[in-house]
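The numbering used here numbers the first residue of the sequence shown as 1 and each following residue consecutively.
Calculated from the structure, these hints are not laboratory results. We put the CB at the ideal spot given by N, CA and C, even for glycine. One should not assume that every hint holds.
[Claimed, not checked] Pair by pair, the computed Cβ-Cβ distance ranges are:
| id | residue 1 | residue 2 | range |
| --- | --- | --- | --- |
| 1 | Gly143 | Ala19 | 20 to 28 angstroms |
| 2 | Gly16 | Ala197 | 17 to 25 angstroms |
| 3 | Glu152 | Ala26 | 27 to 35 angstroms |
| 4 | Arg121 | Gln214 | 29 to 37 angstroms |
| 5 | Glu117 | Leu60 | 23 to 31 angstroms |
| 6 | Arg169 | Arg33 | 45 to 53 angstroms |
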Amino acid sequence: MTSVITLLTDYGLEDGYVAACHGVIAGIAPEARVIDVCHAIPSGDVRRGAAILAQTIPYLPKGVHIGAVDPGTGHARRAVAIEAGGRVFIGPDNGLLSWAVHASGGAEAAYEISNEEYFLRPVSPTFHGRDIYSAVAGRLVRGLKPDDLGPERPITRLVSLPEPTSVVREGAVEGEVVSVDRYGNTQLSITASHLEALGARVGDTLGVWLGRRQLTLPYRETYAAVPPGELVAFADSAGLIAIAVNSGDAAQRLGLPPGAHVRISPSISKS
């Protein structure tokens with residue numbers, strides 16, 4: 001196990017919550033390197049947290065990866081440690097970790113985190129990120145084995161979020177909004193490869209259907225390829241198609257929340 005611990009939470013940076021997690025880790029494993037993935041996940045937005053962690057994990061060192069986005073904190077939600085691809089993911093069993101685990105090659109073993117010997121005492125019922133996840137992560141990088149944390153949990157019983165859907169049919173590709181970033185860019189489950197397979201190339205014009213609304217959008221390399229205030233479709237750093245407004249908020253303008261259905265054709269004449 002490498003001495004790298006990553007943190008993804010919805011704690012924000014206005015309070016001392018993130019610092020407290022860092023402090024607990026430093027007190028247990030001062031040699032650990034802590035990487036902050038994101039602390040600006042909208043409160044309780046498990047899907048957004050799952051998307052960011054999954055898209056970031058290929059670029060993170062192997063180590064212990066904490067996910068703390070859980071609207072059910074304080075209830076009977078199980079905390080789990082999941083081994084996948086040489087990594088250990090720890091957090092609530094609410095699907096938050098599922099996409100990153102899949103991106104790491106799939107779960108190899110999972111354990112319920114129930115051995116209180118490794119927790120910070122006393123445990124706050126509303127701050128598991130500090131008292132359980134951070135404390136356990138520090139001990140894991142110091143040599144604690146995941147199977148010491150509690151009983152093994154069947155992989156098939158882990159909570160998984162439904163994977164974002166996409167399907168090609170009738171000369172178009174249908175998908176959904178996976179995530180909306182802080183700029184209002186709407187990331188879709190549709191990939192650049194989907195459009196390429198349909199014959200669409202950067203520089204073309206796309207037909208885009210948002211429910212009953214129909215738009216015509218330029219397909220460009222970046223949002224900066226169109227004038228300020230204009231809509232554009234482009235392939236983002238994850239290889240997924242995003243709809244953006246240069247110097248604006250596409251999600252707000254179009255009313256596109258995560259999960260919204262989108263259909264794209266390389267030519268509106270193919271509808």
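Each hint, compared with the structure:
At about 26 angstroms, the CB distance of Gly143 to Ala19 agrees with the hint of 20 to 28 angstroms. The beta-carbon spacing between Gly16 and Ala197, approximately 49 angstroms, falls outside the hinted interval of 17 to 25 angstroms. Distance hint for Glu152 and Ala26: a CB-CB separation of about 30 angstroms, consistent with the stated range 27 to 35 angstroms. Look at Arg121 against Gln214: about 59 angstroms separates their beta carbons, and that is not inside 29 to 37 angstroms.
With their beta carbons about 28 angstroms apart, Glu117 and Leu60 fall inside the hinted range of 23 to 31 angstroms. Arg169 and Arg33 have their C-beta atoms about 47 angstroms apart, which keeps the hinted 45 to 53 angstroms range intact.
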